[in-house]
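Protein sequence lines, in the order shown, are assigned to chains A and B. If you read the first sequence in our numbering, its first letter stands for residue 1, the second for the next number, and so on. If you read the second sequence in our numbering, its first letter stands for residue 1, the second for the next number, and so on.
Just so you know, these hints were derived from the structure itself, not from any lab. Quick caveat, the model's predicted, so the values are computed rather than measured. Hints should not be assumed to be uniformly reliable.
Partner residues aside, some chain A positions facing chain B, computed with beta carbon under 7 Å [claimed, not checked]:
(1) Glu49
(2) Gln53
(3) Ser54
(4) Arg55
(5) Thr56
(6) Glu78
(7) Arg83
(8) Leu87
(9) Val91
(10) Arg93
(11) Arg98
(12) Ile112
(13) His119
(14) Ala168
All C-beta atoms, glycine included, are put in the ideal place defined by N, C-alpha and C.
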Amino acid sequence: MAEVTLNDIIRPENMAYKRSGLMTGNVMHYCPGCGHGTAHQALAAVLEEENLQSRTVGITPVGCSVLMYNYIDIDFQEAAHGRAPALATAVKRLMPDRFVFTYQGDGDLAAIGTAETIHTCNRGENILIIFINNGIYGMTGGQMAPTTLPGMKSSTSPYGRDVSLMGAPIKMADIVAMLPGTCYVTRQSVNTAAGVRKFKRALKKAVQYQNENRGTCFIEVVSNCPSGWKMTPVESNKWLEENMFPFYPLGDLKAPEE
Amino acid sequence: MEKELRLMKGNEALAEAVIRAGVDGYFGYPITPQSEVLEYLMEANPQQTTGMVVLQAESEVAAINMVYGGAACGKKVMTSSSSPGISLKQEGITYIAGAELPCLIVNVVRGGPGLGTIQPAQSDYFQATKGGGHGDYHLLVLAPASVQEMADFVELGFDLAFKYRNPVMILSDGAIGQMMEKVWLKPQKKRSEEILPWATTGKPASRPRNIITSLDLDPERQEKFNQKLIAKYREMEEKEVRFEEFMTEDAEYLFVAYGTSARLCQKALQLARAEGIRVGLLRPITLFPFPKKRLGELAGRVKGMMAVELSAGQMVEDVMLSANGKTKVRHYGRTGGMIPTPEEVVDNLKSFIKE
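Sequences and hints are given; from them, build the entire structure.
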């Protein structure tokens, strides 16, 4: 039997998925096993499938995904830390026919940008907020985030998060789901192929709701941070399922009637 | 709306001029003594006439970041506030300067530091002209001295902001904002529908994606960018210096004052001249770029310059740099919302002359 090479396997007829044409092909700076790259790919695929490139404005945060604009071939604005929803508010109000989204981490959205997040959702701005929650500050090297789990160690909670001193993790999706301005609030994941498919479905719903001017859509992705958690990618995904998902349960918190 | 003569407060005249200039968006937050701007715009409801967006933000921080987002779309957008609120906006302002975006920021200055007072002051001069936020940057700063200029500087401010792709500040004060004067308002301009080539409005197939950012992790490229900004500021210093002179031809002494202080000095000048003191006035209209060259020339032929400002002495440093030792320079000012009388200014001029 002839030896099978990789090139024999990677052929169009064997490919269940292809890289979205909206990915720029730039080499990503993300750590091996990080969920950001997968979330970017899924988002790019949806923007491409929905034919949104020419009318999309994305807002990137400060955090690991600050350089997201290098990876997806759409117009981007890079916001100050936590302020992405304020930028998105103005973009959407000034250009209501554009598709506008923010992409933010937990430090950005749930700590320094809490006011912008809550008031943007409360005004019911017709934008999509994508919230990557990995329970840690990744870019600055693994400090405690507002979403860090109780007892979880980080470089600024080296003995574990003591909720009596540091407060309990904040559940942003639960908070914004209470606000009348939000129309769709859901928690998703991208650590499995099935999770990615569900995340894409959620993104497509958010596109539809924004086209229908139904209010703010908020998609939280409960994700991992192998480097910040000091785990291998495989260990981090196991820890994600065993610890993060029970605290931040996946599924819809709020969905409009179809 | 046609050209029109009205009696208005400075803040209201500015707000009306904003609508008539065809501005796309205003994002504000209430603070005394500038709340009339937001109130006037909300009542006028230009969304229904020109399509202009008016939004009360949850904070000064959010308001300036809304300006950032709108400016990044190439829209004519602005905010206004007063001193403590302008401090909160500094983060957004430095990002806007770093991303080379045009916008208009209005500061109706009140006394500080901290919460300070709600009365007029000129104690934000350093903050306005030397950067304000972190990093090497400048705003182009216009200082109105009348209700008419509150209105006129809106359009001028946006023209300069778009010409240089740089934030412009109108540095007013509580007196100019609150006092009523007659003002000529210009006819209504249409909002622009032009899509600017650098703006983030959605990427068509015909151009590469536009990215608005102030980040560059490569120090060599960042330094090149800083040099580009510096060149822009030098060009402003060559082309955009604006000032006004009163009775400087035969002046032995010179008041240097802007805004409310310039109005005071006009009266003080009359009083001093009546006593035979040959004093003139130079009123900077642009505070950055500062009329350094003209002050340098005048320094060569006057016996002294007195910077009159409602602060502990801020603009006086630029006057000293401009005079460059060629003449003596003194500061006179009141702080905390107190305004000197013209007589007080003249008394101080007299003691300066005796020195």
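Each hint, compared with the structure:
1. Glu49: With Cβ-Cβ at 16 Å, over 7 Å, it is violated.
2. Gln53: Since the shortest Cβ distance to chain B is 6 Å, the answer is holds.
3. Ser54: At about 5 Å, which falls below the 7 Å cut-off, the nearest Cβ of chain B leaves the hint on serine 54/A intact, so it holds.
4. Arg55: Because about 4 Å separates arginine 55/A from the closest Cβ in chain B, which is inside the 7 Å limit, the hint holds.
5. Thr56: 6 Å, holds
6. Glu78: 4 Å, holds
7. Arg83: 4 Å, holds
8. Leu87: Since the shortest Cβ distance to chain B is 3 Å, the answer is holds.
9. Val91: It holds, given that the least Cβ distance between valine 91/A and chain B is near 5 Å, below 7 Å.
10. Arg93: 5 Å, holds
11. Arg98: This interface hint holds because 6 Å falls under the 7 Å limit.
12. Ile112: 10 Å, violated
13. His119: 4 Å, holds
14. Ala168: At about 24 Å, which exceeds the 7 Å cut-off, the nearest Cβ of chain B leaves the hint on alanine 168/A violated.
Violated hints for the displayed structure, listed by number in ascending order: 1, 12, 14.
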